[in-house]
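**Student:** Using the sequences and the hints, build the whole thing.
Under the numbering used here, the first residue of the sequence shown carries the number 802, and numbering increases by one thereafter.
Note that these hints are calculated values from the structure, not bench results.
Every clue listed holds true.
Using 27 Å as the maximum straight-line C-alpha spacing, the simulated DSS-like pairs for lysine-lysine come out as follows:
1. K965 - K950
2. K853 - K884
3. K953 - K887
4. K965 - K953
5. K887 - K858
6. K858 - K884
7. K965 - K884
8. K884 - K950
9. K887 - K853
10. K887 - K965
11. K887 - K950
12. K953 - K884
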Amino acid sequence: MLRQVSLGTLGLTIGGILTIIGFIAYANDNATLNLVGFFYGIPLVLGGLALKANELKPVPFSQPTAPTVLALRQQQATPTQNKIRKDLTRYSYGQDAHFDRALSYLGLTCSDGELPLITGLREEDINGNYALILEFDSSALPIDIWQQKQEKMVSYFGPGVDVKVTQPGENTIELTLIATTK
Numbered sequence: 802m803l804r805q806v807s808l809g810t811l812g813l814t815i816g817g818i819l820t821i822i823g824f825i826a827y828a829n830d831n832a833t834l835n836l837v838g839f840f841y842g843i844p845l846v847l848g849g850l851a852l853k854a855n856e857l858k859p860v861p862f863s864q865p866t867a868p869t870v871l872a873l874r875q876q877q878a879t880p881t882q883n884k885i886r887k888d889l890t891r892y893s894y895g896q897d898a899h900f901d902r903a904l905s906y907l908g909l910t911c912s913d914g915e916l917p918l919i920t921g922l923r924e925e926d927i928n929g930n931y932a933l934i935l936e937f938d939s940s941a942l943p944i945d946i947w948q949q950k951q952e953k954m955v956s957y958f959g960p961g962v963d964v965k966v967t968q969p970g971e972n973t974i975e976l977t978l979i980a981t982t983k
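**Tutor:** What follows is the structure, encoded as C-alpha cells:
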C-alpha cells in the first residue's frame with residue numbers, strides 16, 4: 802500500500818500542518834509547539850518539495866486484470882515479471898523515466914538520449930501462459946530497432962521468459978513478456 806502513496810505529497814502535507822501549527826504557536830507564545838513546527842515542519846516541507854520535483858508517478862494498468870489472469874500470475878509469473886510489475890506500479894524517485902536503465906542497457910535510446918516512455922501495462926493469458934505487456938510511446942524508435950534487440954531482451958529478462966515485440970499502432974510498441982512453462 803505504501804507503494805501507492807506519494808512520499809512528496811506526504812511530506813508536504815505533514816510538514817505543512819506542522820509548520821502552520823508552529824506559526825500559530827509562535828503567535829500564542831507557545832515555545833514547545835513553535836519549535837516542533839519550525840524544526841520538524843519546515844524540513845518536511847522542503848523534503849516533500851524535493852521529492853515532488855523528482856517524482857515519477859506509477860504507470861497505470863491500461864485494462865483491469867481478469868481474476869483468471871491473477872491466478873495465472875500466482876502460478877507462473879517469474880521473479881523478473883513480478884519485479885517489473887511492482888517497480889512500474891509504484892512511485893519512483895531520482896529516475897529520468899520508468900525502466901530507463903533497462904532500456905539504456907538494451908540499446909533502446911535515440912541518438913539524443915531520449916527514451917521510449919511506458920504509457921501503460923496490462924496482464925493477459927496468452928495460450929495458457931501468463932504475459933506482462935508493457936505499452937510504450939516510441940515515436941523516435943521504429944519497430945525494426947526494437948526487433949533487432951529482441952534476442953538481447955530474451956537473455957536480459959532471464960530464463961523462463963519469452964519476449965515478443967509488436968506495433969499495434971503508429972508510435973506505439975508493445976513489449977510482451979510471456980512466462981514459458983518450465
